[in-house]
Amino acid sequence: MEKKKTTIILFSGDYDKAMAAYIIANGAAAYDHEVVIFHTFWGLNALRKDENIEVKKTFMEKMLGKMMPRGADKMGLSKMHFAGMGPKMIKDVMKKHNAMTLPQLIDMAQEQDVKLIACTMTMDLLGLRQEELLEKIEYAGVAAYLADAEDGNVNLFI
Amino acid sequence: MEKKKTTIILFSGDYDKAMAAYIIANGAAAYDHEVVIFHTFWGLNALRKDENIEVKKTFMEKMLGKMMPRGADKMGLSKMHFAGMGPKMIKDVMKKHNAMTLPQLIDMAQEQDVKLIACTMTMDLLGLRQEELLEKIEYAGVAAYLADAEDGNVNLFI
Amino acid sequence: MEKKKTTIILFSGDYDKAMAAYIIANGAAAYDHEVVIFHTFWGLNALRKDENIEVKKTFMEKMLGKMMPRGADKMGLSKMHFAGMGPKMIKDVMKKHNAMTLPQLIDMAQEQDVKLIACTMTMDLLGLRQEELLEKIEYAGVAAYLADAEDGNVNLFI
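Protein chains in written order, with our numbering: chain R, 195 to 352; chain D, 195 to 352; chain H, 195 to 352.
Isolated chain R (complex conformation) (with noise of 0.2 Å):
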């Protein structure tokens, strides 16, 4: 029998909306479906590795690095932001819990080889260079989604 396949854009910056497709991507991945996370525009962030990478860069491409967070750890809130203390919050409340956090669930996702894409397209745009990024991330652009994501069981964008 195929595997089912279960597909994520994560087109989002946001924590929440990150640790949502890492949680149905860890799910999927545990059911056994071959899973994929195509990250797009802002979901790149979650990517980026949390020091300050030596790269060359246009000034444009360096103010938007900075305005940009640097990784997982460093997205904010979709809603209840409230100047960083909703970001505080929630990260408060997981620990007590013993909820994972994204850097977590970005672990374990690699650890279930759950594929993690990289788009190309928008790193150029963004000014985003491989160097930057987590390890074991693949790059490809949208052809390539659409070929995982026409034979995908669930396909969601994020």
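Note that these hints are calculated values from the structure, not bench results.
Don't take each hint at face value.
The list treats identical chains as interchangeable, and a pair is accepted whether it falls inside one copy or across any two copies.
List time: in silico DSSO-like cross-link candidates among lysine-lysine, alpha-carbon distance up to 27 Å [unchecked claim]:
hint, residue 1, residue 2
1, K251, K289
2, K290, K250
3, K243, K260
4, K250, K198
5, K309, K268
6, K199, K285
7, K290, K251
8, K256, K268
9, K243, K309
10, K260, K285
11, K256, K290
12, K250, K268
13, K256, K197
14, K198, K309
15, K330, K251
16, K260, K282
17, K282, K251
All of these numbers come straight from a predicted model, not from anything done at the bench.
Got chain R; can you put chains D and H on it based on the hints?
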């Protein structure tokens, strides 16, 4: 012939997005689809009763409970919120057009046997108790969602 | 062999989300999918002509019409709006990379026979008239969307 199936993850706590979710759900039910709405994160607020229910909560859970809208009617807009003026305008326009409000759309969904599920993991995180949510809700986690969605014809994340 | 099918509900009125929708749609059309974009709520603004069209409207409809962006080029960003600086930056970056603008992506979609549908129920609510929208748009409701989506291979809500 097997029934077609529509599943919706309602992640958003915005009035307009929840309306879209319930309009699609009611349409699909009228179309004889089996329909499931899985409420997670801020989408859970659509299922809250509008009165204050006395339940034992930690300080943090009480604060979160107060910060989030109590029920569908209190939710804000994703766009043009304008400090509350936007929702009022949209509701006035809807009234003039005899359009159904969100609470009416939720009632209709329940009458049409749309399965309304509350995500237990998020309830736990946000400190929401079953007594605080509408009657005739089911409680489940991501595995239940995936079991529904992997056979779905239309699966949406809203 | 039957054609694969992609359907997208464009609910969002954000420039970047509409871009994502149209990039996927154009990709899918190039991939020989049958493609439908169903524009509802704020997503309708992507289809507005950029000039002011004289039509009879109530006071409220006029106000809503003025508050919403007139056409794809006027839409804001979902993130990093920064009082309009964000959209300007992104458009500068796109220009430098020779990336297609949203109006160009919409033209291309029409050339590739992507079916662009405006949701009649929302048009009614927001007081938008057919004269105010682009040429060669189709007009339909949620039932038409569902008829398309239930056979869709890729169905997204953006």
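Results for each hint:
1. K251 - K289: Cα proximity of K251 and K289: across copies only (17 Å, versus 37 Å in one copy).
2. K290 - K250: Between. Shortest inter-copy distance 17 Å satisfies the 27 Å Cα cut-off; intra-copy 42 Å does not.
3. K243 - K260: Result: close within a single copy only, 13 Å intra versus 35 Å inter.
4. K250 - K198: For K250 and K198, the Cα distance exceeds 27 Å both inside one copy (42 Å) and across copies (42 Å).
5. K309 - K268: Cα proximity of K309 and K268: one copy only (22 Å, versus 36 Å across).
6. K199 - K285: Classified as neither; 31 Å inside a copy, 35 Å across copies.
7. K290 - K251: between (41 Å within a copy, 14 Å between copies)
8. K256 - K268: Classified as both; 18 Å inside a copy, 26 Å across copies.
9. K243 - K309: within (18 Å within a copy, 40 Å between copies)
10. K260 - K285: Result: close both inside a copy and across copies, 23 Å intra and 18 Å inter.
11. K256 - K290: The answer is between: 15 Å across copies meets 27 Å, while 37 Å in one copy does not.
12. K250 - K268: For K250 and K268, only the intra-copy Cα distance (23 Å) is at most 27 Å; the inter-copy one is 32 Å.
13. K256 - K197: Classified as neither; 42 Å inside a copy, 44 Å across copies.
14. K198 - K309: both (14 Å within a copy, 23 Å between copies)
15. K330 - K251: within (23 Å within a copy, 42 Å between copies)
16. K260 - K282: both (21 Å within a copy, 17 Å between copies)
17. K282 - K251: between (32 Å within a copy, 19 Å between copies)
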